[in-house]
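Enquirer: Sequence:
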Amino acid sequence: MSDDVVTPEGGPPPAGGEGNGWRKEYWRKNLRLMVVLLIVWFAVSFGCGIIFVEQLNQVVIAGFPLGFWFAQQGSIYTFIVLILVYAVRMDRLDREYGVHERNHDGGLT
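Sequential numbering from 17 applies to the sequence shown in my numbering.
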């Protein structure tokens with residue numbers, strides 16, 4: 017079995033063996049995505065909510081200082097957006113490597 021063997025969907029074969037190079041590449045891309053998203057989350061929650069709170073508090077929106085908003089709401093909203101970004105990017109990555117869980121109608125298999 018070699019790395020150039022593909023399934024009918026165009027992805028790599030799911031079986032183990034010699035052709036596991038795609039699995040390492042898939043996992044490396046997954047880890048890189050997670051690290052980038054965690055850095056963004058850390059920067060927003062810790063950076064904007066704690067480190068830069070005094071500078072952000074100079075800006076007031078709807079009667080609330082921006083630093084307070086980031087500490088209370090912003091990091092939560094950012095986390096939700098990052099979850100959505102992760103789900104979309106992983107769907108693309110799964111399709112790229114032929115390990116997606118959706119059928120041709122868009123439903124789960």
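Since the hints were derived computationally from the structure, they do not count as laboratory data. Hints may contain errors.
[Said to hold, decoys possible] Label-pair restraints from in silico Cβ distances: (1) GLN88 with GLY37: 19 to 27 angstroms; (2) ILE66 with VAL115: 35 to 43 angstroms; (3) LYS40 with VAL97: 37 to 45 angstroms; (4) VAL76 with GLU112: 41 to 49 angstroms; (5) ASN36 with ASP107: 54 to 62 angstroms; (6) ILE99 with ILE77: 43 to 51 angstroms; (7) VAL76 with VAL51: 16 to 24 angstroms; (8) GLY35 with ILE96: 20 to 28 angstroms; (9) ASN73 with LYS40: 18 to 26 angstroms; (10) PHE80 with TRP43: 19 to 27 angstroms; (11) ILE96 with GLY63: 37 to 45 angstroms; (12) TRP43 with ARG118: 38 to 46 angstroms.
Glycine is no exception: its CB is placed at the ideal position from the N, C-alpha and C atoms.
Enquirer: Confirm or reject each hint.
Expert: Structure-based check of each hint:
1. GLN88 with GLY37: 19 to 27 angstroms: 46 angstroms Cβ-Cβ, so the 19 to 27 angstroms window is violated.
2. ILE66 with VAL115: 35 to 43 angstroms: Taking Cβ atoms as reference, ILE66 and VAL115 lie about 39 angstroms apart, which means the hint holds.
3. LYS40 with VAL97: 37 to 45 angstroms: 29 angstroms Cβ-Cβ, so the 37 to 45 angstroms window is violated.
4. VAL76 with GLU112: 41 to 49 angstroms: holds (45 angstroms)
5. ASN36 with ASP107: 54 to 62 angstroms: This hint is violated: roughly 22 angstroms between Cβ atoms.
6. ILE99 with ILE77: 43 to 51 angstroms: violated (24 angstroms)
7. VAL76 with VAL51: 16 to 24 angstroms: Cβ of VAL76 to Cβ of VAL51: about 34 angstroms, so the range 16 to 24 angstroms is violated.
8. GLY35 with ILE96: 20 to 28 angstroms: With a Cβ separation near 38 angstroms, GLY35 and ILE96 fall outside 20 to 28 angstroms, so the hint is violated.
9. ASN73 with LYS40: 18 to 26 angstroms: Taking Cβ atoms as reference, ASN73 and LYS40 lie about 46 angstroms apart, which means the hint is violated.
10. PHE80 with TRP43: 19 to 27 angstroms: violated (42 angstroms)
11. ILE96 with GLY63: 37 to 45 angstroms: Since the Cβ atoms of ILE96 and GLY63 sit about 18 angstroms apart, the hinted range of 37 to 45 angstroms is violated.
12. TRP43 with ARG118: 38 to 46 angstroms: violated (21 angstroms)
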